[in-house]
Structures are given as structure tokens and as C-alpha cells.
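J.: Sequence:
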Amino acid sequence: MSHILVVDDEPALRRTLRISLQARHYSVLTAATGQQALDSVGRSSPDAVLLDLGLPDFDGVDVIHGMRSMLAVPIIVLTGRAQIEDKLRAFDAGADDYVTKPFVMDELLARLRAVLRRPAEPETSPSTRIGPNAVDLEAGTITGPDGPIRLTPTEWKILGLLLANPGRLVPGQQILSEVWGPDAANQSNYLRVFFSSMRRKLEPDPARPRHLITEPGIGYRFQP
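So in UniProt numbering the end of the sequence shown lands on 224, straight run, no missing numbers.
There's no promise every hint is true.
Computed spacing ranges between beta-carbons, pair by pair [unchecked claim]:
(1) 13 with 43: 17 to 27 Å
(2) 150 with 210: 40 to 50 Å
(3) 136 with 101: 33 to 43 Å
(4) 223 with 43: 16 to 26 Å
(5) 192 with 103: 36 to 46 Å
(6) 22 with 165: 37 to 47 Å
(7) 101 with 193: 14 to 24 Å
(8) 10 with 218: 35 to 45 Å
(9) 39 with 10: 37 to 47 Å
(10) 99 with 177: 15 to 25 Å
To be clear, the hints were calculated from the coordinates, so they are not data collected in a lab.
Using N, Cα and C, we set each Cβ at its ideal position, and we do this for glycine too.
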């Protein structure tokens, strides 16, 4: 049984999510504020978090930062904010997916199942480099010239697929299917957002990437 933390200040939505998740055999904890959420993950680590950004005490992005200092489980943002700037801030902070209210419950549950899947082990050397950054896949760490670089769990999944195929094209639909599940095979906007975030973290010049390369309309490749 997977344990899900639902963080939202709307009592009706918390109740709806709790009932829907429990009906599908998830164990559910709820929190109405950012502080309650941080206290909850400090006591026991959930398997995934559904997090609203518009909380009464903290901005949800700050809550993501706080959670990421304590745990590495998937975080799905569930919010009424639809601007690309809000999405980028959430992904950069460590979110794994972003769902805009109002939403379809079946779609949210499919996304939750997708982030709970464990990625296959990458078939590559445990240590490699992306430009000036040293990547240790076994330790799950990246060290850059200025110190540690933190990736979200979803970014690690994407990077693992690319590093397992150095110099070779990985189709975008393959990445979407393996990371988010087959229902996401046409959601190319996911990849644009995540690759933008990864390049800001790993490329010396994100506007002119040398290692995380886009092949327009086809896919992506890692160029050593």
C-alpha cells in the first residue's frame, strides 16, 4: 500500500481526494498548511505528495524546497496556477508533475501511478561527466564546479535514459512513455519544461546546449 500526503487548504477537495485515493487502496494523510505538510514529512516519509501551491502560510514552491531537503519522493503539484512561470518555478524547486485545477480525477490518478513507478536501472557506467559536472549514478549525486547540483526524481529518470544511450537519439515518445507511462506519449510539453530546467542546472550555456541536445520533432540525445 502506497502512502500519499495530500496538501491543500480546501477542505472539500482534501475530502474528495482522500475518499478517491482510499477507494483505490492508498493510505492517505492530509495537511491544510505548508507547516503541517513539512511536519508530516518530518515524522514519516510518504511515497508521494499531492501539493497545492496556494497555501495560507507558505508559498507552495517554498514547501517543495523544504520537502526536497528531507526526502526524494515524487511531488505532484495540484494548483489553479496555469502560467508557465509558475510551472518552471515548481519544476526547478523539485516538483515531478504539474496538474492544473479543475482536473479530471482519473487523469490525476494515472499521473500518480506513473510517478510511483520505479525507473529501470540505467545500463551505463556508474560515473560520467556532463561538461564540468561529475555524475555518480550509483550515489545519485552530481557535483559541479560550485558544489552539488540537485535534480528531481523525474529529472534523474530522464537523465538515466539519456546516459544509457550516449551519442544516440532517444525518441521523445520513448522518454514520455518510460517516465510518465504510455498515456503521456503525446505530452511533448513535459519534455520542453524538464529539459529547460535540466539545462539550467547542467549546461554552462543553457541557451546553447552542448550535451543535452534536442533533435526537433524527433527526440533528445546526450552528447558526451
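J.: Please go over all the hints and tell whether each is borne out by the structure.
T.: Here is how each hint holds up against the structure:
Restraint check, residue 13 to residue 43: a C-beta distance of roughly 23 Å satisfies the suggested window 17 to 27 Å. Distance hint check for residue 150 and residue 210: the Cβ-Cβ separation is about 21 Å, which falls outside the suggested range of 40 to 50 Å. About 39 Å separates the C-beta atoms of residue 136 and residue 101, a value consistent with the hinted range of 33 to 43 Å. Separation of residue 223 from residue 43 is about 44 Å and departs from the stated range, judged on CB atoms against 16 to 26 Å.
Between residue 192 and residue 103 the beta carbons are some 21 Å apart, a value that contradicts the proposed interval 36 to 46 Å. Taken as a hint, the range 37 to 47 Å holds for the pair residue 22 and residue 165, whose Cβ atoms sit roughly 40 Å apart. Checked against the hint of 14 to 24 Å, the pair residue 101 and residue 193 passes, with Cβ atoms roughly 18 Å apart. At roughly 42 Å, the beta-carbon separation of residue 10 and residue 218 lies within the given 35 to 45 Å, and the hint holds.
The hinted window of 37 to 47 Å between residue 39 and residue 10 is violated, with their beta carbons roughly 20 Å apart. The supplied range of 15 to 25 Å is met by residue 99 and residue 177, whose beta-carbon atoms lie about 19 Å from each other.
Hint compliance for this structure: hints 2, 4, 5 and 9 are broken, all remaining hints hold.
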